[in-house]
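Trainee: Listed below, chain by chain, are the residues.
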Amino acid sequence: MNDSILVRAGQPYGQEPVDIVIEGDRITAIAPVGTATADRVLDAHGCVVLPGLVDLHTHLREPGREHAETIESGSKAAALGGFTCVHAMANTSPVADTAGVVEQVWRRGIECGLVDVRPVGAVTVGLEGRQMAELGAMAGSAAAVRVFSDDGLCVHDPLLMRRALEYVKAFDGVVAQHAQDPRLTEGAQMNESELSGRLGLAGWPAVAEESIIARDVLLAEHTGSRLHVCHVSTAGSVEVIRWAKSRGMPVTAEATPHHLLLTEELVSTFDPVYKVNPPLRRRGDVQALRAAVLDGTIDIIATDHAPHPREDKDCEWAAAAMGMLGLETALGIAAQVVTRGANTDSAGEGADSNDSTDWQAIAQLMSVAPARIGRVADQGQPIEPGSIANLAIWDPSVETVVSGERLASRSGNTPYTGYTLPGAVRHVLFRGRPSVVDGGIA
Amino acid sequence: MIGRHLLSAQDLTSADAVRILDTAGELASVTDRSVKKLPTLRGRTVVTLFFEDSTRTRISFELAAKRLSADVINFAAKGSSLSKGESLKDTALTLEAMGADAVIIRHGASGAPYRLANAGWIQGAVINAGDGTHEHPTQALLDAYTLRNHLRSGQGDLDGARVAIVGDILHSRVARSNVALLRTLGAHVTVVAPPTLLPYGVQAWPCDVSYDIDDVLPHVDAVMMLRVQAERMAGSYFPNELEYSRRYGLDSRRMALMPSEAIVLHPGPMNRGVEISAEVADSPQAVVVEQVTNGVHVRMAVLYLLLGGRPEELDLEGADR
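Chains A and B, in that order, are what the protein sequence lines are. Residue 418 in my numbering is what sits at position 418 of the first sequence, and the numbering runs on without skipping anything. Residue 223 in my numbering is what sits at position 223 of the second sequence, and the numbering runs on without skipping anything.
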């Protein structure tokens, strides 16, 4: 159980190969290739070693919708995607708005033992947007909640948002806002555009996101509190956040892999696998998001992994649930985005060589920064002796053909079925123990 | 030849559309005779699958199918999976198991006919009889047929015809299908509505856009008035019925702005006194009743062509004795 482990000849952040020795839950030595020994060897020749990925935005569905996902199946999906920590969103049934529920989720995560499951606490009771939930009790519970969000719904009331921002300062919390003006998006089915007009689907206009973000960054500045913006999806939102950061406002932001890759044209199939909230946007939005990820305006990539059972997608568009799987495909897409840069069309430049992938940037976007925002001390640590051994080992030399059927998630609603993504997760170490070995749960 | 399904007016080429209209014309002349039935679809099963009430459209399709001797099953699926009734998928699988050759679907959700046609649930032809605020292609075909009879002597396309579509463009499947089809047939279309009832991005549509009906009427060969629904007032699309009627309703004064030979269409059911005055609705220029008759012939043509009939066989079939 406490045998030492040697990760042989992996390349931290894509740099020169080294041997990494792990004893207990820590990295104890980094040595030239071939010089170290241990009880167990994990071969990592040709592989990139990253700090274990941290997802700030995951829906694990338990408690309440275990037919879509459980903490166990979601933990497996996360581990297979290279994650060592996920933040479980609060929109469960019951809602994670009390210390009791967040502790239950947190304990179940420990029992599954594949990733750190960090519960996100609801901002308002029952996600109803009326009364502040017991944020302090959740922060002070064994789950030590630091991220609070009504995700799925917007904290629309400006006074309530202000109070929540102020209140979480007492325990260094952050409010993660799902920015969506509810009145401007009543019945919304897809991005509002020329296409929505043609398809006769009610539009979700960019301004419904941008106006909330604009209000919230001003509130964050006024209160001096930390604001995190979930799943930024429009070019206009990027401009607002860029402006806010230039003024020194305490705001961080995330983009999802699907908003960095897919565009609204997919909706014209009326296949609900492409139905997601916020909706897929225009090509120009994708390009702006990519540029923002590369220049640091957007701090992190988060999956918004949203499992739904088949019956919730095997229906007409308007009846379908919103959301798509993300954990097991996130790193491949992120690698593609960081390698190819902002222009969606430029599959050429740099994409043919994984050497040009900026793995330091990936580590920042998917591990270091989300751990910092979520105040997860044991995650996102540098790959060096003394750090907790949370490591994702990625083989860039292979390709992965995505199939919803083959994913570990209990649901299959991936929009990427049939896509070929670069690379594959080979091994994952979670607190010094292998959670994934050779692409399978250890 | 038109495809396997009729889902959208946008899928029709000009040649496809003219072929449907020509076939409708031939079927009309055949069924004007004393025996109205053709044996063409004998033994074929046609299902009308209506998730929304629309007696007018349903009986039009039903009559069309019966005049072609098809067996017709009316499936009124009240409430879709949206209201936790039987899902679209299970309904489709049921119809497939019963051997439906064609399914005519009316559904409140935009794109539902696409799911029916493309999700692998059924093999038969799918005909869109109106989906949400998306499309209603057979309505556009019957409108084009009516326009062609009046403006082009029932021949060819609608090249150069000037048509205004007035009313709730935003929520209208009739408008979407008509803009697409009339443009394909060479007509010049202008949509007229208050800005709140125009879709985002309408500037990119293949038509002109106007907020002022009085500017447009003097320059049209036909005007199509759309039903405006009272519930739109609750959504703040316009202040009240009276103001809408004053600014966009077609009354005798406005009709006098139109060229004397211009015609007035309405897909029905009409709100007399709102978008159209009783005087206009009952005037000789109004062709609303003709549209209903033409609807049967156009739907016969669509069924005929989709289910494999050939126009050259028409005069050889048994009905003309």
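Don't read these hints as lab results, they were simulated from the structure. Be a bit skeptical, because a hint or two may be false.
With the C-beta cut set under 10 Å, the calculated list includes, among others, these residues of chain B facing chain A [stated by the list, open to error]:
hint, residue
1, 171
2, 205
3, 260
4, 308
According to the in silico footprint, chain B covers these stretches of chain A (three or more CB under 8 Å from chain B) [claimed, not checked]:
hint, segment
5, 140 to 147
6, 312 to 318
For every residue, glycine included, the Cβ atom is placed at its ideal position computed from N, Cα and C.
Trainee: Go through the hint on residue 260 of chain B and say holds or violated, using the shortest Cβ distance to chain A against 10 Å.
Mentor: Not OK, violated: residue 260 of chain B not within 10 Å of chain A, min 35 Å.
Trainee: Under the criterion of a CB-CB separation shorter than 10 Å, is residue 171 of chain B in contact with chain A as hinted?
Mentor: holds, 8 Å
Trainee: Holds or violated: is there a CB of chain A closer than 10 Å to the CB of residue 205 of chain B?
Mentor: Result: holds, 8 Å to nearest chain A Cβ.
Trainee: Examine the segment 140 to 147 of chain A: at least three residues should have C-beta closer than 8 Å to a C-beta of chain B.
Mentor: violated (count 0)
Trainee: Would the hint on residue 308 of chain B be counted as holding, given a Cβ-Cβ threshold of 10 Å to chain A?
Mentor: Nearest chain A Cβ about 26 Å off; hint violated.
Trainee: For the segment 312 to 318 of chain A, does the count of residues with a C-beta closer than 8 Å to a C-beta of chain B reach 3?
Mentor: Holds, because 5 residues of the segment 312 to 318 of chain A bring their Cβ atoms closer than 8 Å to Cβ atoms of chain B.
Checked against the numbered hints given earlier, the structure breaks hints 3, 4 and 5 and satisfies all the rest.
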